[in-house]
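*Asks:* Sequence:
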Amino acid sequence: MNIPRYDVFSNYREQIHTVIKETNFWNRAHTCQRLNTDDMDLITKMNVLNDHTLVIVDAPGRMYIYCLLQLKTLAKTEFNKQRCITTTLVTDYGVVCSCVTGHVTLTKILNVDQGYELLNFALFKHAMVVYSLTCFNNILLSGSDDQSLKIYDLENFKLIKTIHFLFKVRCADINEKWMVVGGLDPTIVVFNKNYEQVFELTESLISSVYLRLIDE
19 MNIPRYDVFS NYREQIHTVI KETNFWNRAH TCQRLNTDDM DLITKMNVLN
69 DHTLVIVDAP GRMYIYCLLQ LKTLAKTEFN KQRCITTTLV TDYGVVCSCV
119 TGHVTLTKIL NVDQGYELLN FALFKHAMVV YSLTCFNNIL LSGSDDQSLK
169 IYDLENFKLI KTIHFLFKVR CADINEKWMV VGGLDPTIVV FNKNYEQVFE
219 LTESLISSVY LRLIDE
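Per my numbering: the sequence shown = residues 19 to 234.
These are calculated hints, taken from the structure and not from any lab test.
Some clues are possibly wrong.
[To be verified] Listed next, with one range per pair, are the computed distances between beta-carbon atoms:
#1 Asn174 <-> Thr220: 32 to 40 Å
#2 Leu177 <-> Val208: 19 to 27 Å
#3 Val216 <-> Asn155: 18 to 26 Å
#4 Lys211 <-> Leu177: 17 to 25 Å
#5 Phe175 <-> Glu218: 30 to 38 Å
#6 Asn174 <-> Lys211: 17 to 25 Å
#7 Lys195 <-> Glu173: 18 to 26 Å
#8 Asp171 <-> Pro204: 30 to 38 Å
[Said to hold, decoys possible] Straight-line alpha carbon distances no greater than 25 Å define the calculated DSS-like cross-link-like pairs of lysine-lysine that follow:
#9 Lys176 <-> Lys195
#10 Lys179 <-> Lys211
#11 Lys195 <-> Lys179
#12 Lys179 <-> Lys143
#13 Lys186 <-> Lys211
#14 Lys176 <-> Lys186
It should be emphasised that the depicted structure is a prediction, and the values quoted were computed from it without experimental measurement.
Note that beta-carbon positions come from the ideal geometry of N, C-alpha and C, so glycine has one too.
Kindly produce the complete structure, drawing on both the sequences and the hints.
*Replies:* In structure tokens, the structure reads:
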């Protein structure tokens, strides 16, 4: 049987394509100073894509979108405590973020007369908090504690499919051949490129919160 190769971890780790840049220049202190944030200890997430765009989320629920090339803040979004951000993901279509109420939004930045305009699009809503966001090309995977995974087309703003599981979905990954889903259960569920379940793999781990397919 042809089985996809993947990495899985039981401890929390940021998704591989949103790795934090820990250089002497772009460390937390310098970033906070340039962004004029209140306290660097409030920062909960720092996501970087292609060394160009930095997305920062702090504990009060503020999201900063920062341009590394121009060294300036492009946008800042405020959330109240009831909608504190849980996950952010930088994609070619904008910044996708989720909050504790289960809302998932897409934020686009448009250059308007040498300025910047922030546009927010509500994509969909889970019944519970969203902890997993993964993107491949135009496909967005959103996993939630409501035991569901939503598959979304970012290019056409279309919900393709909702898949329900017997566990809380905390991680997922997708490529041209496979889609793998895991969470608060020792089982990894494998799907084909048509989002059809093909088999399950039992892990020795109690649960998985980080899952990444390995290119062959």
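*Asks:* For each hint, tell me whether it holds in the structure or not.
*Replies:* Cross-check of the supplied hints:
Taking 32 to 40 Å as the suggested C-beta distance range, the pair Asn174 and Thr220 conforms, at roughly 36 Å. Checking the proposed 19 to 27 Å range against Leu177 and Val208 shows it holds: the Cβ atoms sit about 22 Å from each other. Range check, Val216 to Asn155: about 21 Å between beta-carbon atoms, so the 18 to 26 Å window is met. In this structure the supplied range 17 to 25 Å holds for Lys211 paired with Leu177, their Cβ-Cβ distance being about 18 Å.
Take Phe175 and Glu218: their Cβ atoms lie about 32 Å apart, and the range 30 to 38 Å holds. A C-beta distance of roughly 18 Å is found between Asn174 and Lys211, which places it inside the suggested range of 17 to 25 Å. Range check, Lys195 to Glu173: about 20 Å between beta-carbon atoms, so the 18 to 26 Å window is met. Hint check: Asp171 to Pro204, Cβ distance near 31 Å, so the stated range 30 to 38 Å holds.
Our distance criterion of 25 Å between C-alpha atoms is met by Lys176 and Lys195, whose separation comes to about 21 Å. For the suggested pair Lys179 and Lys211, the alpha carbons sit about 13 Å apart, so the restraint of at most 25 Å is met. Restraint check for Lys195 and Lys179: the C-alpha separation of about 17 Å stays at or below 25 Å, so the hint holds. Our distance criterion of 25 Å between C-alpha atoms is met by Lys179 and Lys143, whose separation comes to about 13 Å.
Of the pairs offered as hints, the one joining Lys186 and Lys211 holds, with about 22 Å between alpha carbons and a cut-off of 25 Å not exceeded. Among the hinted pairs, Lys176 with Lys186 is consistent with the structure: their alpha-carbon atoms are about 23 Å apart, no more than 25 Å.
The structure agrees with every numbered hint stated previously.
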